[in-house]
Amino acid sequence: MVSSLTHTDRKVETGPLEYAYVLMLMFYAARAIRFFESPLITENPIGVLLPVIFSGIMAFKWKLYITKEFYALLFIFLLYFLAISIKFYDIQPTFVLTYYFLFFTAYVAIRVLKLDIFFIYEKILYYFAILSLFLWGIQVAAGGDFLFNIFSRLSFLQDISYVSGNGLSIVVYSIQPYETTLINEHTIARNCGFAWEPGSYASYLAIGLFINLFMVKDDADRKKRFIVLMAALLSTLSTTGYVIMILILSFYFFNKDIKKILLMAPVVIAVVIIVFSLPFMKDKIVKLMNETDIDYIVSEAYARENPATPQRFTSFLITMVDFKNNPVLGLAAHSERSWTRRMGSRISPISGIGNLMAQFGLVGIIPFLVLSIQSSFMFARIFKYRGKFLLFLIIIGISISYSIVFIPFFMCFWMLALFEPHLDEEPETGRIPALETSLNQNNNF
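When we follow my numbering, the leftmost residue of the sequence shown carries the number 12, and every step to the right adds one.
In case anyone wonders, no lab produced these hints; they're calculated from the structure. Note that the structure is predicted; figures quoted are calculated from it, not measured. Some hints here could point you the wrong way.
Straight-line Cα separation of at most 20 Å, EDC-like style, residue types lysine to aspartate or glutamate; simulated pairs [as the list claims (entries may be wrong)]:
| id | residue 1 | residue 2 |
| --- | --- | --- |
| 1 | K395 | D156 |
| 2 | K335 | E347 |
| 3 | K72 | D127 |
| 4 | K395 | D127 |
| 5 | K267 | D229 |
| 6 | K228 | D435 |
| 7 | K395 | D229 |
Put together the whole structure using the sequences plus the hints.
Structure (structure tokens):
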């Protein structure tokens, strides 16, 4: 059984294996189950190796050859590993192995599926969004912990779930206890979808909106999927998700003709004002900006059994201290050398950009920014929309709030220009040459 994905001027058939592969990457991105969350091969060997093995199967099916760009990446990272080992007089082979696995998974996903990974993702996300809206609707309508108590009857979920606020996950849907809603000063429960928390789910829905509005073409069901994705995003009540949603919609209207822009401008401005006046937008942003007392947070986290997780702005400021102390190479896997750990405090910063800078220093943040911009420009060229920096801004917006920079699915966005540098060549043919080559390798695609 195959299904068709229509985008730009081409129609490509994808089979169950390709859909299963993207579904697996989505579960690892969601991180709602400990099996998908733990990145250490010593603690979770099956969970770490599953995407590597699946990627190997995909590479074998498509007779994938390794390009010089991938070899260069592995070699450069090896040099970095040697440098960091010398710096701290400590060799941690699992560190380089973990990132080699991540690079390989992202490389295969990009080289085999190319742009189709994003279209498959948008379609799968649509069905997840429908399910999440249904279960979230029950959760809100019943009130309290009615649905959470039903989940709690499956006692094993407590051990396998990795949902914020002591929530539970059944893989395809996550739920937080009602006390989390009250603690976060929300009036109704938030939709976590299939992710580990509402904000991360909102981020993935925002990515789906970007794909739907700027990449999908000539699809009769596109508007229906847009409505569902938008409704699901609104149900998350996520500050990050709403900001990125406004960014995407603003660029979308910017790409319309001037008459429509002028006609819709007052409506768009009014909607933006209304959205930012919502309690979880304006009040939360102000609160986050004010809660930046690092000394207090570090003292509160002293000798804790479980690490504290400061909000995003505070997390960024905490990681910046480590970046200033190790500006070139960063800390790598030597988290015990961070300034908070040396003071006896256990803190787990959530800022993706901050963690990247603290962990890899300038040798990490510069390539990330350059590749993100190059990939953003490439998307704009391929799909012919105005706003070369749109994808880059989305990537940065999500990375400020969440440490998902090195999740393989997310890597497919910012590493596209590295692994498929010629994907946008010869646009006048109406087909993408790199994908054409892959299609010719396997007639059953």
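The hints, checked one at a time:
Pair hint K395 plus D156 does not hold up; C-alpha atoms about 47 Å apart against a cutoff of 20 Å. Straight-line distance between C-alpha atoms of K335 and E347 comes to about 16 Å, which keeps the hinted pair within the 20 Å bound. Taking the CA atoms of K72 and D127, the gap is about 16 Å. The hint holds against a cut of 20 Å. Proximity of K395 to D127 is assessed by CA-CA distance (about 17 Å); at most 20 Å being required, the pair is judged to hold.
Restraint check: the Cα-Cα separation between K267 and D229 comes to about 17 Å, which is no more than 20 Å; the hinted pair holds. Taking the CA atoms of K228 and D435, the gap is near 17 Å; set against the 20 Å cutoff, the hint holds. Restraint check for K395 and D229: satisfied, since their Cα atoms lie roughly 15 Å apart, inside the 20 Å limit.
Violated hint for the displayed structure: number 1, the only one.
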